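**Student:** Just so you know, the sequences run in chain order A and B.
Mapping the first sequence onto UniProt numbering, position 163 (from 1) lands on 163, and the numbers just tick up by one.
Mapping the second sequence onto UniProt numbering, position 392 (from 1) lands on 392, and the numbers just tick up by one.
Just so you know, not all the hints are guaranteed correct.
No copy labels: a pair is met if it fits in one copy or bridges any two.
[Unchecked claim] Restricting the straight-line Cα-Cα distance to at most 27 Å, the calculated cross-link-like pairs of lysine-lysine (DSSO-like) are: (1) 328 to 116; (2) 474 to 681; (3) 566 to 324; (4) 116 to 324; (5) 966 to 561; (6) 842 to 582; (7) 591 to 116; (8) 561 to 331; (9) 561 to 470; (10) 947 to 627; (11) 591 to 947; (12) 228 to 359; (13) 328 to 581; (14) 627 to 331; (15) 842 to 470; (16) 328 to 551; (17) 459 to 681.
Keep in mind that the hints were calculated from the coordinates and are not lab data.
Being a predicted model, the structure only gives us computed values, none of them experimental.
Protein chains: 2
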Amino acid sequence: MHFSTCCGLLVVITTICYGAPSRSANTCGYETCNLGDPSKLNVHIVAHTHDDVGWLKTVDQYYYGARNDIQHAAVQYILDSVIMALDENPDRRFIYVEVGFFWRWWNQQTSDIQTKVQQFVNEGIYLVIILLRLSEVLNQGRLEFISGGWCMNDEASTHYNSIIDQHTLGAEIIRQAFGECGRPKIGWQIDPFGHSREQASLFAQMGFDGLFFGRADYEDIQTRNRTKTMEMVWKASANLGEQSWLFTGILPHGYGAPDSFCFDYRCSDNPIMDDNHRFDLNVQERVRSFIQAAHDEAAGYATNHIIMTFGGDFQYEDANQNFKNLDKLIKYVNAEQANGSNVNVFYSTPSCYLYALNKADRTWKSKTDDFFPYAHHPHGFWTGYFSSRAALKRFERHSNNILQVTRHLNAFANTSLRNSIFYLSEAMGVAQHHDAVSGTEKQEVAFDYAQRLSDGIGKAVDVINQAYNKLLPKSAQSPPLQAQFLCQLSNISQCLEIEGQDRFTLTLWNPVIHPVTQHVRVPVRFDYTVHDPNGQTLLTELIPISEPTQKIPGRTSLTQKQIIFKVALPALGFSTYYFEKKPDQQRTKEKSTVKITHNEACVLQNQYLRVDFDDQGNLHRIVNTNKNLGVSFSNQGFYWYQGFAGNNSRPEFQASGAYIFRPVSADPQPVSTTRTITCIKAEQVQTAVIIFNDWASQEISLYDEAEYTEVEWTVGPIPINDNIGKEIILRYDTDVNSGNKFYTDANGREVLERTRDYRPTWNYTVVETVAGNYYPVNSRIWIKNQERQFTILTDRSQGGSSIHDGSVELMLHRRLLYDDRLGVGEPLNETAFGEGLVVRGKQILFLQAPAASAAYHRIGAQRMYMHPLATYSLVQQSYDTYTANYRQTWTALADTLPLNVHLLTFEHLVENVYQIRVEHYFEQNEDDTYSHPVTFDLQSVFNSIGKIEQLVEVTLNADLPLIDLKRLTWVTGDKESSHPNVPEARLMANSTVRLIPMQIRTFNVVVSHP
Amino acid sequence: MHFSTCCGLLVVITTICYGAPSRSANTCGYETCNLGDPSKLNVHIVAHTHDDVGWLKTVDQYYYGARNDIQHAAVQYILDSVIMALDENPDRRFIYVEVGFFWRWWNQQTSDIQTKVQQFVNEGIYLVIILLRLSEVLNQGRLEFISGGWCMNDEASTHYNSIIDQHTLGAEIIRQAFGECGRPKIGWQIDPFGHSREQASLFAQMGFDGLFFGRADYEDIQTRNRTKTMEMVWKASANLGEQSWLFTGILPHGYGAPDSFCFDYRCSDNPIMDDNHRFDLNVQERVRSFIQAAHDEAAGYATNHIIMTFGGDFQYEDANQNFKNLDKLIKYVNAEQANGSNVNVFYSTPSCYLYALNKADRTWKSKTDDFFPYAHHPHGFWTGYFSSRAALKRFERHSNNILQVTRHLNAFANTSLRNSIFYLSEAMGVAQHHDAVSGTEKQEVAFDYAQRLSDGIGKAVDVINQAYNKLLPKSAQSPPLQAQFLCQLSNISQCLEIEGQDRFTLTLWNPVIHPVTQHVRVPVRFDYTVHDPNGQTLLTELIPISEPTQKIPGRTSLTQKQIIFKVALPALGFSTYYFEKKPDQQRTKEKSTVKITHNEACVLQNQYLRVDFDDQGNLHRIVNTNKNLGVSFSNQGFYWYQGFAGNNSRPEFQASGAYIFRPVSADPQPVSTTRTITCIKAEQVQTAVIIFNDWASQEISLYDEAEYTEVEWTVGPIPINDNIGKEIILRYDTDVNSGNKFYTDANGREVLERTRDYRPTWNYTVVETVAGNYYPVNSRIWIKNQERQFTILTDRSQGGSSIHDGSVELMLHRRLLYDDRLGVGEPLNETAFGEGLVVRGKQILFLQAPAASAAYHRIGAQRMYMHPLATYSLVQQSYDTYTANYRQTWTALADTLPLNVHLLTFEHLVENVYQIRVEHYFEQNEDDTYSHPVTFDLQSVFNSIGKIEQLVEVTLNADLPLIDLKRLTWVTGDKESSHPNVPEARLMANSTVRLIPMQIRTFNVVVSHP
């Protein structure tokens, strides 16, 4: 892996890199497409392969074709053979999607092959130059990159930060290898199991002209087929207007070939047999059958152009087989025109098909909601995967936190270690795959994803160390630092490296551009004096580690206590806290401030909130004392749905599995009839530890001066000795009169209103009353009425719903005994340490008036996923020596930046060149203060680096200067026309940036050092 | 199919076609081979595919890859992708075997591809010319044809006539497409289930330098591996001396790749994963494992060269996968030499491996017996297939009879319809495949083979018609002839086309070069006057059609009588018999000469023989009254073995199936305890019809003046309603003191002595006392003692044995209920008309002194497989008009030719050019008169055509003038050295041909017309 040789092109951000404006559209763009014959039914054949970046096998196994006993699939040969097949016939076209695979293949090719592939991608240019304006010639590149992410990401459980990152990574590779003609223009989400509006919006912001996908609810498809509305204009943001519009098409038969026309080696459909001298001649029958299939498909579509995908999972491993037969099919079907057939078939691409539709110059129906949840039959709701593999989902989210912090440190310390960070970038790119963070992979593959993230984090920690080695020492004479390390098990109050040490430091990098105050807990064996960056001794308390935490399998620490204290971190910077063991005499002298009660009624209270429990451990009420609002709970706690145990032979026998959520009953059972409660009250925090049974507990905490309630849940090992699969939820039955409405975010950004038992665009048949109402919750869910909004932030993606008025629930963990027969071939039965996996996580609860809520959940969610990153270091020096030699706090920002601006990504590309994304992370009209456009100077972020000399705004995936972007125009049924191109204002004269609500802007920046 | 464009090259039989002498060996021959490193263990990697010409799918389905649901296999893509892969890397080598597949692929290629393939085959030439004597460079062609028959023929149930034909057909195609460098030099029988000595002898006569195969008895292999005698010199003929010697090697592991190294898309072995930056890196382990495999294999072989096949059934469908990994394997294994490894691995071919062995200059053990029967475990004797699909086996043999007659007629009538005959030639080529005539294909495929033969016969009949249209009319004024047709069901006494006709003709072509006398039976509704070619009215008799014949399912004829008469046919010519319905009054007037008795003792007797039956239908005795010899039968009749019903999960559970014969008990059961006998005595023939039960009967006949006893057996439908599979034999328990010896022919030619429960070359463990003693009987089996030899000729290939002293048995028909799990996946359970298939056949019995027997069985067998071909025609003309207009007899021969010479093949290639094979068909020392060399003038055969102007003797498969043939020399352990090259005497000055016993000579002949 030699990333350094790859990123040369990208960073030359002037016209040299991105090309002269307008070349893109004129030469390698749509103009060279075959648009068929206006008097005929034009069939666009799209040859493609769908290469999962891990699923039943690991990504490496898929690439090489190892473990073909599990699944026959080998991407290296797909790319080998497609290139050979394209060489055979210039009419052939192929699209490729997953840059994560392409890139490793590309690096293994000879320069001859690389040149050939470049030619295939670019030949539009060369031919057009040669042929001048013979543009009717089929000059579109033989090989077209489509979507062009590192993978084809999941849309339910992915966070927008990582979707953008993985697309940027893919786009960078394509641009570097192929220049502008390689630029993907179309989203291609053929396999993901439901489609988020945010994904479409992000695609639009990447400058894409359209999106195609293969899966939508079976009733939705029936309706659209009947009404010829399989294709539409998706208004993909409630905030961004036309720049978020995206033409969207649902493919006719998933992403496979029409019935009986799969010529791939994985299929058993007959080839075209055209030797008159042999038996089994089938040309006539095949032609007849294909023409019928074309007419059948055309019946559901609006124009005289239709798309036919010819591909599937890991198809084209011997592309010759596919193309040889497609060549014949095209030849013989078109020959039938001489006999009066009106079917005109040709190799095409999604872009060219889209362009043909665009040229059709008609109006299209629009859509404003999303494509969740997806069901393929009345009992087949793909809403289980919203929660499957809860631990992996959290690890992925946490890994992104580390990745962004590492990029910050690499940039501000100028360590130029992008190559090292690449391991984690790539692992995150892989993890976004729709069978990765989705939780729908085999167990061994889930381990592999985790291993990759872990390895990537390992390299990231090296970068962090090198960065801190530059940022911390006050002078060149400062002695070398001991290594910084992560305490990855601190969520179970374990950090063996520091436990029992006499002294160590804790350094926290705050990745948000605002100061942050928070409480820190550190598991310890004894008490410490903690020195803050200003030399002050902090107020600390020793509080017990809860009994459920101590009993978590795999926790080897014997420590029963943790130290807790509050820190105030600078914006976009770090603070170091020095821990020094207290002398024995001092320790014995101090009296604990902690009070503990067992199974008594208990009230947690701070400056803002009061939380009431009865002596049975039931949460009764949360009161926002400050705002004089309260919510009462008729029930709160853990419940389980019994997963349906079926053999999947018929829809009625559909089992609950990795993909599918199908509870036997709509009424979940409580996990226990009784609970115990222990109240632990210290000055910094008050906690009720509520134990439901030996596998489910929650710790509900109020921190000093916090305006939220924290719920830390621990679930597992889910028992299955009764042979019943269980899906565990945490439910809050409140007195909020929320009716049938609830609200869930999409990919951590915009929030959509959900209505129970209802679909906005078709007449919905209610069959599965629970599973059919589950939606992905990436970061938040709420219910509300006029006065009160009860909001829950989650620390990872989960499925959630409101099954009854006033109720809100999140599915935390699932353990199932049946495969749902959608491919994975395993029941979702995660184990660790010889029993079911234990999962732990956090929820943050807000109780506020609706109008006040956005400020809390927007800021809260942003800080939750971009949490300060704690690194520890064992130090030898005394506090005085340490503080004499090392900087203990630092911020990149001289100014304060507006609270509604978020630094989404910040990355040092090469010498003097940076890529930065800033966003307005409030929606319109949700907050009186923050839901307005905001302006600030980007130079603020760069103050510690240098002066911004050049600033090029680029598409969201950073592969084209916005000034060069020309998106296609579409007209909707209400006669609105999209004018999706760049507003002039975005061509910047200086570094002042204006953001409208929910806007993300991406810049490549050249900086001169002071 | 445009055969005419294909056969241009072959026919230019001068040096222009066959090349200057000596070019072959010097340029595209062995000299360009990589011979490795003498100080290392040299591993010759042989990349190959094994493409069954029909098996589980039909040959067309295999070619195209249709019905991949049955078996994934597609030859078109194999050849496509191999050519592409060879293009990628000039080091790569590939061998191809089955010209039947190659030819259809070749015809579908563009001339660009054809040129490329020619280059791959021939590049030895070009490079050597360019590089002059840099012969150490790897110039051997990348693509090498090996064996080069139309298919890889079966060795047990094939007749030598058709083996030679199918190899000639393949060789012609190769020569025409590639010239001399394409010429195969090695036999490659990797899959056939046992190996006949005759096959090896034929290969030697084709000029081959060696033979490799994959299957041999498991004990044989153990022994050879232990004694490093896996490779040997096979002295393949007891008559032909050194010209029949063939170096022979048994491949190390069948024909597959070493364990865990199958890189084919059909396997699941891991690829070589060599990206250091990825997980699953396996180079080191793979290299270590390969080196171990090489050493393990070398332990069983004699030199420091070993061969490793990398291929299998229908492998290399995406050759890139195979070669890409082999490239890496070679690279990394050889790199290990730097660390002291002595393994040197490289792409090679069987020829180059053979040449390396030849250069080793050592002595080799020799072998004189054959490799039958083949067992893969103690209960797995592949002796069932000797008899499987008895009807197909006969149809194939009969089709050859028609093919040869058609060629004769096409040549002598100068109709130049070789293209039309090609259909049958090809169908016969296909039928020789080791899963065709062997009977080990699926039922649907068996139907397809039969269909192809039938279609080919249809085209052949067209040729026959056109030929007779030229041969029969006496002048241009003769009115057009009615069509000639075959009566294919005459073996069940049915010929609906003529039944009830007032007049018709019967024309018989005698394909042997000696006059033949025989009896003809024609099913009729009433009596006819039959006019012979000389205008004489023949003595005819009306005899009844036997009851078992009349009851055969599918026989729709209501005719109960047949007319019988004796004909005398000219050598290599025809006679026509004119049938004219006798007037009613004449018929009623004539008194039948036929006498019939039921269930009485009965004696059949003619001038030479007496056959005694008791009143229970038991055959008691056959007496050669002329020679005063008798044989008594303690038992004679049908018995059945119960086929073992197993699940094949272990050797002990091996089932009897299409391949395997495994009787439950060594004692077969008689099919009935009683029989009925009907004696029918006419002047022409005396017949005992013995009915054993409703599914087994025999008709034993003595014809007037015949020196043999004919047994016509009818077996079926074999009952399986008892759920027991049955294998039916006809057994003769005689009083001949034959001891444990019996004699069977190989492929219809030389006869091998068999010894019960014994193997000549290893210490044989007797487990299966019946199956392990079965041998293929292609044409004859005998037992003998000092005075008497009891010989049985068969009309098709069957398994046969002598399980007890004095006993001889042939397996006639098999019906089984279990698959033997060797791939075919079906029990051998043939049905027709809704019940088990009925099969009928003939045996000819001779009782003679041993010294006199050869003359009978040699001549008898030759006339049995080259029977006069009967065609019928409905004529309108009266006999007088007919005889005035049409020639009624004709012979190609002016002279009589020696009785021990057989015209094996005779074919008109193109204008003036003929190909002829003549053979001495007696072995040495078997007959006082005929077992001597014989000389005759080839001109005799051509007298009716013209004068022989040029005569080039060529190899047996006609692809090289013998004068250019240089076979490699091998030295055997007894220090004999082969000098296998052409004796000077064979460079002919005139058309006088000398043949030594069992010699076949092949000539291309240019004739000038008179």
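**Student:** All hints, please: hold or fail.
**Tutor:** Consistency of the hints with the structure:
no.	hint	result
1	328 to 116	both (25 Å within a copy, 23 Å between copies)
2	474 to 681	neither (40 Å within a copy, 127 Å between copies)
3	566 to 324	neither (69 Å within a copy, 60 Å between copies)
4	116 to 324	both (20 Å within a copy, 19 Å between copies)
5	966 to 561	neither (60 Å within a copy, 92 Å between copies)
6	842 to 582	neither (31 Å within a copy, 110 Å between copies)
7	591 to 116	neither (77 Å within a copy, 92 Å between copies)
8	561 to 331	neither (77 Å within a copy, 59 Å between copies)
9	561 to 470	neither (34 Å within a copy, 113 Å between copies)
10	947 to 627	neither (45 Å within a copy, 123 Å between copies)
11	591 to 947	neither (54 Å within a copy, 130 Å between copies)
12	228 to 359	within (18 Å within a copy, 76 Å between copies)
13	328 to 581	neither (80 Å within a copy, 59 Å between copies)
14	627 to 331	neither (74 Å within a copy, 75 Å between copies)
15	842 to 470	neither (34 Å within a copy, 100 Å between copies)
16	328 to 551	neither (66 Å within a copy, 51 Å between copies)
17	459 to 681	neither (40 Å within a copy, 102 Å between copies)
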